[in-house]
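Protein chains in written order, with our numbering: chain A, 1 to 258; chain B, 1 to 257.
I should point out that these hints are in silico values taken from the structure, not numbers from a laboratory. Any given hint could be a false lead.
Some but not every residue of chain A turned toward chain B, in silico, with C-beta under 7 Å [claimed, not checked]:
#1 Glu59
#2 Ser86
#3 Val108
#4 Phe133
#5 Val240
#6 Ala241
C-beta: ideal position from N, C-alpha, C; glycine also.
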Amino acid sequence: MSKLSIKAVGKLFPARGAAEPTRALTPTTLAIADNDFITILGPSGCGKSTLLRIVAGLETASEGRVLLDGQPVTGPGADRGMVFQSYTLFPWLTIIENIAFGLRERGVSERERLDIARSWAERVGLKGFENHFPKQLSGGMQQRTAIARALANDPKILLLDEPFGALDNQTRALMQEMLLGIWEREQKTVMFVTHDVEEAIFMASRVVVMSARPGRIKADIAVDLPHPRPYTIKTSAAFVALKERLVEEIRVEVVGAY
Amino acid sequence: MKPLQPVSAQARISYGISFFVLFVAAWAVATLGGFVPKLFLASPITMVEEGWKLMTVHGFAFDIAITIWRVVGGFVLAAALALPLGIMMGAYKPIEAFFEPFVSFARYLPASAFIPLLILWAGIGETQKLLVIFIGSFFQLVLMIAVAVGGVRRDLVDAAYTLGSSDRSVVTRVLLPNAAPDIAEILRMVLGWAWTYVIVAELIGSSSGIGHMITDSQALLNTGQIIFGIIIIGLIGLISDFLFKWANQHLFPWAAK
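Work out the full structure, taking the sequences as your base and the hints as a guide.
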């Protein structure tokens, strides 16, 4: 049985005044297996973030339903951790308190939550920054904290909405490796939204390509590159071939909507 | 001068002090040089002499204490009620829709216009003074606190929900700490306004306080005392402002620019 199943989920933004209702997402069906890392690749405004937010429970679907472990999703919850593109650390909490936020909501004892938070801070390479405030950290460090904060809650699935979109190329590449390393070690079900073709291939065991608005799935491609994946794999023949194919898929969409 | 070029801390202090010095110098020239009749404006020296007399002979310290008590009392009362209401309005939109139009209307009612009415209701005692300050501060506080609480970044709220927060804990653990520095700043600002109301309240029907002393001095044409009273108000304002800023910086180190 799949971990997450998205069944004919669509989104229609209601009409405003004279404007017609806008369809953001064509009813979409997608199943994600346990411990799978899937990336949703699509041009800007294709509804990929909308789909992710529906899974997170932050937006309601106009039709269809989302099942996690067979249970329907009705609203946001700790079983679906999320990392946003914008920096969403709580500025009034230190790094360690940010990571422990969800644990505190669940009533985990202070001692235990500090232990868990410290271990996550270490795993994302933030040892020594535990008592800093977010504003004292670089963008990359803030996003690492956000990943640790989501994972400290031990969610059933990790949702990422272009988490490295605001970072420079070098930092972005390091973050990809770090997240992939965590996934290889911890085994998590991950749904990762991006518009970056290389990122989509490098991270994924499966790339789902979406069309321009209104979004629908136009390709579902398995990535059979071996694990662990060093960054050098990005120049391998298999990687480049896959990249060429996906660039073409996306290009058609962007040209169509251009 | 380059636009927006910062000045050093030292230069900032010396610039700030120089204007005070210039201001007093201009005042001294105008009065001591005989350009302004003594009847209308006392010289700085007379002002200091009158001030000394006020403090030592007329027990002005008591008036200062009474006025401070009234401001703080009325303001604390207003803040104690405005905080819960403003927070509820900022967090819950139906509550905001219910109160906001009335509060917006009430905030434009000048507190000083209520003084005759309040004297009818509460006499000329302390209750009346506190009520003037309460009316002057409460509605302003409510609206500004509501805006501060409601102005939270939407994605912080989303993040809290995905971390398992309940609706209630989104209010207590996201909306409140997020708005806390702004609320502290609002309190600081409105406390400054409360000082205007207290003096107005004391100008009418009062037998003590800085405002009362100022009306008395006017009857005696003692401009030295009036100016001394005004300067005392300015100094107290400056000190309370400084204390608030200092406290805010230490309470909310994460918010400092």
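Consistency of the hints with the structure:
Hint on glutamate 59 of chain A is violated. Least Cβ distance to chain B is approximately 10 Å, over the 7 Å limit. Because the closest C-beta pair between serine 86 of chain A and chain B is about 5 Å apart, less than 7 Å, the hint holds. This hint is violated: valine 108 of chain A has a C-beta 11 Å from the nearest C-beta of chain B, more than the 7 Å allowed. The beta carbon of phenylalanine 133 of chain A is positioned within 7 Å of a beta carbon in chain B (closest approach about 4 Å), and the interface hint is therefore held.
For valine 240 of chain A, the suggested interface contact is broken, since its CB lies about 36 Å from the closest CB of chain B, more than 7 Å. The interface hint given for alanine 241 of chain A is violated, since its Cβ lies 36 Å from the closest Cβ of chain B, which is over the 7 Å cut-off.
Against the hints set out earlier in the document, violations occur for numbers 1, 3, 5 and 6.
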